[in-house]
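Top line first, the protein sequences correspond to chains D and X. So the first sequence is numbered by the working numbering: it starts at 1 and just counts up by one. So the second sequence is numbered by the working numbering: it starts at 1 and just counts up by one.
No lab work stands behind these hints: they were computed from the structure. This one's a predicted model, so the numbers in the text were calculated from it and none came from an experiment. Beta carbons: idealized from backbone N, C-alpha and C, even for Gly. Incorrect hints may appear among the rest.
Stated by the list, open to error - Ranges of calculated distance between the beta carbons of each label pair, as one might list FRET restraints:
id	chain 1	residue 1	chain 2	residue 2	range
1	X	F18	D	F263	51 to 57 Å
2	X	S346	D	S10	39 to 45 Å
3	X	L140	D	V66	52 to 58 Å
4	X	I212	D	L215	36 to 42 Å
5	X	I387	D	Y281	41 to 47 Å
6	X	I94	D	L215	48 to 54 Å
7	D	L78	X	F287	30 to 36 Å
8	X	A243	D	S94	24 to 30 Å
9	X	I212	D	M182	28 to 34 Å
10	X	I102	D	L78	39 to 45 Å
11	X	I387	D	D191	54 to 60 Å
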Amino acid sequence: MPHFAIVAVSILFDGMAYAMFLFITSVGLSVTMGLMGFVNLAHGAFAMAGGFVVVSLTRSYGVGFVPSLIFASVLIGLISARLERRLYRRLYKSTDLEQVLLTIGLAFMAIATATYFYGPIPRSVPLPDWLEGDVNLGFRAFPSYRAFLIAIGVVLIAVLWYAFERTNIGAKIRAAVDNRRMAESVGINVDRLFTLTFAVGSGLAALGGGLAIQLFGLTPSFAVLYLVLFLIVVAVGGLGSLKGTLLAALVIGIIDTGGKYAFPVAGNLFIYAITAIVLLYKPTGFFGRE
Amino acid sequence: MLDARERGANYLVRHHYFRWPEALPWLIAIACFFVFPNRMTFGGQVLIMIMFALSLDLILGYAGIVTLGHAAFFGVGAYTVALASLRLGWSEPISGIVVGGILAGLAGAVVGWFILRYRGLTLLMLTIAFAAMLQESGNLRSDITGGYDGLPGLMFDPLLGTFQYDLYGHTNYWYVLTVLAVIFYFVRRIVYSPFGQALTGIRENVRRMHAIGSPVHRRLVTVYAISAAIAGVAGALFTQTNAYVTLAVFDFDNSAKVLVMLILGGTGRLYGPFLGAAVYMILEDYFSKLSPTFWQLGIGLLLVLAVLFARRGLLGLAEDARGLLTGSERRSFASRRLVWKRDSWSALGSSAFDGAVIGFLAGFAVNLKEADLMTSYVTGMPARAIIFTLGGAAIGAGINAVALLITGRTAVEEPPS
Numbered sequence: 001m002p003h004f005a006i007v008a009v010s011i012l013f014d015g016m017a018y019a020m021f022l023f024i025t026s027v028g029l030s031v032t033m034g035l036m037g038f039v040n041l042a043h044g045a046f047a048m049a050g051g052f053v054v055v056s057l058t059r060s061y062g063v064g065f066v067p068s069l070i071f072a073s074v075l076i077g078l079i080s081a082r083l084e085r086r087l088y089r090r091l092y093k094s095t096d097l098e099q100v101l102l103t104i105g106l107a108f109m110a111i112a113t114a115t116y117f118y119g120p121i122p123r124s125v126p127l128p129d130w131l132e133g134d135v136n137l138g139f140r141a142f143p144s145y146r147a148f149l150i151a152i153g154v155v156l157i158a159v160l161w162y163a164f165e166r167t168n169i170g171a172k173i174r175a176a177v178d179n180r181r182m183a184e185s186v187g188i189n190v191d192r193l194f195t196l197t198f199a200v201g202s203g204l205a206a207l208g209g210g211l212a213i214q215l216f217g218l219t220p221s222f223a224v225l226y227l228v229l230f231l232i233v234v235a236v237g238g239l240g241s242l243k244g245t246l247l248a249a250l251v252i253g254i255i256d257t258g259g260k261y262a263f264p265v266a267g268n269l270f271i272y273a274i275t276a277i278v279l280l281y282k283p284t285g286f287f288g289r290e
Numbered sequence: 001m002l003d004a005r006e007r008g009a010n011y012l013v014r015h016h017y018f019r020w021p022e023a024l025p026w027l028i029a030i031a032c033f034f035v036f037p038n039r040m041t042f043g044g045q046v047l048i049m050i051m052f053a054l055s056l057d058l059i060l061g062y063a064g065i066v067t068l069g070h071a072a073f074f075g076v077g078a079y080t081v082a083l084a085s086l087r088l089g090w091s092e093p094i095s096g097i098v099v100g101g102i103l104a105g106l107a108g109a110v111v112g113w114f115i116l117r118y119r120g121l122t123l124l125m126l127t128i129a130f131a132a133m134l135q136e137s138g139n140l141r142s143d144i145t146g147g148y149d150g151l152p153g154l155m156f157d158p159l160l161g162t163f164q165y166d167l168y169g170h171t172n173y174w175y176v177l178t179v180l181a182v183i184f185y186f187v188r189r190i191v192y193s194p195f196g197q198a199l200t201g202i203r204e205n206v207r208r209m210h211a212i213g214s215p216v217h218r219r220l221v222t223v224y225a226i227s228a229a230i231a232g233v234a235g236a237l238f239t240q241t242n243a244y245v246t247l248a249v250f251d252f253d254n255s256a257k258v259l260v261m262l263i264l265g266g267t268g269r270l271y272g273p274f275l276g277a278a279v280y281m282i283l284e285d286y287f288s289k290l291s292p293t294f295w296q297l298g299i300g301l302l303l304v305l306a307v308l309f310a311r312r313g314l315l316g317l318a319e320d321a322r323g324l325l326t327g328s329e330r331r332s333f334a335s336r337r338l339v340w341k342r343d344s345w346s347a348l349g350s351s352a353f354d355g356a357v358i359g360f361l362a363g364f365a366v367n368l369k370e371a372d373l374m375t376s377y378v379t380g381m382p383a384r385a386i387i388f389t390l391g392g393a394a395i396g397a398g399i400n401a402v403a404l405l406i407t408g409r410t411a412v413e414e415p416p417s
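Required output: the full structure, derived from the provided sequences and hints.
As structure tokens, then:
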């Protein structure tokens with residue numbers, strides 16, 4: 001195979017794995033912000049928390065990697081539902097600034113707690129045998145973990161798509177994102193819907209956090225370091241849009257991987273440039289509502 | 001009865017004249033020099049942060065622009081002075097900060113012209129993106145900027161040709177204080193002027209401002225440029241104070257920090273930045289040396305409590321307290337009876353449950369810290385589990401009960417307004 005094609009395939013593969021991580025973690029944030037207009041900067045903290053739960057379960061209790069992921073997602077989902085009901089609900093009518101400040105405060109508290117218990121050293125997880133090594137697809141061997149990540153991403157996309165487009169609940173969510181008041185007058189209990197979507201979104205974030213450990217290592221500052229990235233994916237994709245988040249994740253994931261390969265010194269410059277360009281032309285993102 | 005126009009003019013004229021309590025912050029600043037003569041480098045940093053927070057107050061508190069990228073302009077000012085001194089041999093301090101301020105102001109005007117058409121999340125992301133892009137571009141050309149290692153050992157000429165920089169930061173303190181006073185006077189004039197009132201109008205009801213024909217975009221860009229210039233001056237002073245600058249000045253952390261300082265003191269008030277920056281810097285200096293982790297926890301907790309209970313910052317609390325002690329609020333507070341509603345019990349139950357869960361997890365965490373995890377929590381140390389859980393429940397319920405009695409309403413109800 002010509003060298004250029006090999007490089008392109010590598011970039012595409014790694015980029016897609018990165019994009020799947022971005023999508024899984026950010027989709028909850030997008031739907032939350034689109035549905036309730038609530039700026040939740042603690043979303044990164046949920047991802048980090050999920051990651052640390054996975055670390056503890058696998059390292060200290062010998063639970064398998066995949067069961068830990070599932071447990072972490074469910075746990076964080078439940079905790080976030082409680083948090084939403086007790087704390088976030090008071091701020092739905094507040095200004096953006098207050099929501100930003102409250103959730104940043106929560107994120108700081110989460111980071112400090114994680115630092116206290118886990119320390120600042122990056123953590124890793126022991127992976128099961130079938131996730132280590134490579135998967136040979138004939139013309140090239142691909143790292144199994146990344147292939148796993150892409151596979152999970154595709155499955156989740158299919159599940160979420162089906163849930164959004166073909167179920168009753170999905171229809172209700174879409175209705176509430178489109179026009180909240182109308183949805184309420186038709187009898188949809190938007191408050192309860194929101195708690196549900198918030199819990200699912202945070203659970204997915206926790207899943208993303210757990211999956212990210214192998215890619216980036218896990219430190220407490222994961223919560224804020226990657227938060228900007230999630231916000232970018234959400235803003236560029238459009239609030240409340242599944243399609244948009246996916247497209248934005250793919251664009252950012254692939255271009256960032258390619259950019260880092262071609263111009264490593266530029267760092268994250270490409271991501272920020274894309275953000276600025278997209279937002280200046282389409283302020284509500286790819287598929288956002290005006 | 002005066003008409004609206006006359007009332008507006010009267011308000012401006014009344015606030016325009018200096019009131020004697022306004023001298024207080026300046027007297028305190030001067031006094032600090034004599035009371036803490038060997039903390040003057042720190043004092044200089046506090047004054048610089050006050051200036052930075054003041055610049056943010058202009059756009060956030062008065063014009064209502066939410067930005068998490070203001071460190072960009074701070075950085076422009078800082079690097080202008082650094083590069084002028086290092087590459088161009090221009091090390092005169094006063095002209096340095098003037099040029100730094102002007103360049104930052106220009107950057108603010110250009111960027112603002114593009115991004116101030118947007119609001120909300122879009123605007124927030126664009127401010128973050130701009131600051132981050134500046135930082136990454138600086139890293140790209142680290143041959144010029146020194147990258148994240150920075151430019152150490154910068155040299156500056158004596159002030160006005162005579163006042164040499166000393167090791168204790170004394171000269172520097174008076175220098176920064178003077179610049180702050182000049183800038184503050186300027187900001188004060190802006191705020192208590194028709195322009196300043198227009199900004200408040202834009203913050204409160206931008207549609208109406210459009211409707212009455214106010215040139216909203218032009219006003220916003222103007223104030224953004226002015227604010228950027230002031231932030232640039234603060235950054236320039238930062239470089240001159242430290243004789244060192246790195247790309248870390250552009251960090252998202254810095255933008256967030258100055259926002260927290262401003263909120264702490266109170267937005268939309270001229271002296272909010274003074275109080276907020278001073279309190280924050282002092283607390284940070286003390287606590288982060290004690291334990292950086294606890295400092296971060298404390299700041300997070302402070303933010304959460306501030307949003308829930310003290311939305312208008314410390315100055316807002318002070319105003320509330322004053323209102324409570326004087327005036328009509330006092331009578332209604334004193335005559336308030338302690339009300340216990342039936343659904344208060346469910347609120348208590350909810351808090352008790354939360355408290356119990358947190359208590360249980362806390363016990364688990366203590367276990368973690370002690371025995372490095374392997375001892376089984378519930379079966380191995382049942383007494384501890386029970387004590388932590390019940391203790392947590394009691395504390396949770398107790399806090400909620402106190403809150404209910406003070407505010408006289410149930411906690412699960414949404415607060416009115």
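Quick rundown of the hints versus the structure:
1. Between F18 of chain X and F263 of chain D, the C-beta spacing of about 55 Å keeps the proposed range 51 to 57 Å intact.
2. At about 58 Å, the beta-carbon gap between S346 of chain X and S10 of chain D misses the expected band of 39 to 45 Å.
3. Taking 52 to 58 Å as the suggested C-beta distance range, the pair L140 of chain X and V66 of chain D does not conform, at roughly 41 Å.
4. For I212 of chain X paired with L215 of chain D, a C-beta distance near 54 Å fails the hint of 36 to 42 Å.
5. The given range of 41 to 47 Å is broken by I387 of chain X and Y281 of chain D, whose C-beta atoms sit roughly 60 Å from each other.
6. A hinted range of 48 to 54 Å holds for the C-beta pair I94 of chain X and L215 of chain D, which are about 50 Å apart.
7. Take L78 of chain D and F287 of chain X: their Cβ atoms lie about 33 Å apart, and the range 30 to 36 Å holds.
8. A C-beta distance of roughly 43 Å is found between A243 of chain X and S94 of chain D, which places it outside the suggested range of 24 to 30 Å.
9. The given range of 28 to 34 Å is respected by I212 of chain X and M182 of chain D, whose C-beta atoms sit roughly 32 Å from each other.
10. Take I102 of chain X and L78 of chain D: their Cβ atoms lie about 55 Å apart, and the range 39 to 45 Å is violated.
11. At roughly 36 Å, the beta carbons of I387 of chain X and D191 of chain D sit outside the given window of 54 to 60 Å.
When each numbered hint is compared with the structure, violations occur for hints 2, 3, 4, 5, 8, 10 and 11.
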